[in-house]
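Chain order of the listed sequences is S and L.
Residue numbering for the first sequence follows our numbering, starting at 1 and increasing by one per position.
Residue numbering for the second sequence follows our numbering, starting at 1 and increasing by one per position.
Keep in mind that the hints were calculated from the coordinates and are not lab data.
Hints may contain errors.
Unchecked claim - In silico lysine-lysine, DSSO-like type, Cα no more than 27 Å apart, as pairs:
| hint | chain 1 | residue 1 | chain 2 | residue 2 |
| --- | --- | --- | --- | --- |
| 1 | S | 98 | L | 20 |
| 2 | L | 14 | S | 103 |
| 3 | L | 55 | S | 98 |
| 4 | L | 64 | S | 103 |
| 5 | S | 68 | S | 56 |
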Amino acid sequence: GNSVTQMEGPVTLSEEAFLTINCTYTATGYPSLFWYVQYPGEGLQLLLKATKADDKGSNKGFEATYRKETTSFHLEKGSVQVSDSAVYFCTRTGANSKLTFGKGITLSVRP
Amino acid sequence: GAVVSQHPSRVICKSGTSVKIECRSLDFQATTMFWYRQFPKKSLMLMATSNEGSKATYEQGVEKDKFLINHASLTLSTLTVTSAHPEDSSFYICSAPGTGPSTDTQYFGPGTRLTVL
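This is chain L alone, in the form it adopts within the complex (with noise of 0.2 Å):
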């Protein structure tokens, strides 16, 4: 089956830095990724779509400038918190789209536990 990873699974940083986070899909190409956010009470957020080959669109009330998104291939899309502050705490997910016939089906990545102090 289709497998998405994120890399890291956890990270920490320090208020004011900038913090990277992987998602790749494994065995099949993605040209549409997802990212969200999942808050403590279990609710997923929709962030942004991610497009390879152009721009990525955002939610509504999601900052641009902050949630830097690129997708360098067709299984490789980065999420970057820039100057993060602990508000942005927060446990990340990304999701990709199945082909053929599981386009409508989403697989997601086991997500990155994002800490800052």
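The following block holds chain S by itself, in its conformation from the complex (with noise of 0.2 Å):
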């Protein structure tokens, strides 16, 4: 079945630092990949999706690449600031228009 599977956390970083949110997805089907950030207190907005291998989605210093070969859409961004401190999903879609989601990752950005 499909399934996403997400780097354990949470991860803690001093402002600046460079980020990477590992996540790999099962390979059934030609599903579209997105990250999802849900910021304290609010409910989960879209953060970048990419719909096809070899894709590159980007919105605010947030980048990932539909790797097909490696089953993976890494998530990185190369200086966090306390603003990013929010939680990560990582998502597939996969029939119906149902989303698959990873466990979640909590990212604290330390002044």
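Since each chain comes alone in its own frame, lean on the hints to assemble the complex.
Structure below.
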């Protein structure tokens, strides 16, 4: 079946540090891949997406590349800010527009 | 952009009572909406798919008689937790897929925190 595996958290970084959050997915079908973010006290919102192999999604300094050969969609940011502190979810589409979520990872950025 | 609202944002109820949660797409139509539970360690579990004009489809292990879903219109889906018990306390979230080129993107409501005493 469809699944998404995220690296274990939480992650704590200092401001301006480099961020990588690993995500791999099961290679069933031709999924679209997403990173959703949940800021404290808010609902989930789309951070970025990629719909086919080799696509790169980017937003707010974050990037992720759809790697079919490694079934990965790792999230990166060159210099994190305190305002990036949130929970990040890697997800993939399945049948009937259903999303399969990774477990989520909490990022805390220290000033 | 597409906005999804939920009401109420928080509800506290006594054990044995029923609670209704509304999910609305504010500026777009949604023939399909999804309901999730978010557990304390943050993972989201898809509960069911709400379909306008037809019955909801439930994920394996989700009791359809306990979690009643009604998709009354193209902009409203409701989740009713019947005879709620403390173990039903959770954060319930709905989402709706976008339209046009954004059909693969889900727009999430802000969630409803249910506490059953």
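Checked hints:
Restraint check: the Cα-Cα separation between residue 98(S) and residue 20(L) comes to about 23 Å, which is no more than 27 Å; the hinted pair holds. Simply put, residue 14(L) and residue 103(S) have alpha-carbon atoms about 30 Å apart, too far for the 27 Å limit, and the pair is violated. Of the pairs offered as hints, the one joining residue 55(L) and residue 98(S) holds, with about 17 Å between alpha carbons and a cut-off of 27 Å not exceeded. For the suggested pair residue 64(L) and residue 103(S), the alpha carbons sit about 25 Å apart, so the restraint of at most 27 Å is met.
A threshold of 27 Å between alpha carbons decides the hint, and for residue 68(S) with residue 56(S) the separation of about 12 Å falls inside it, so the pair holds.
The structure fails hint 2 only (numbered hints given earlier).
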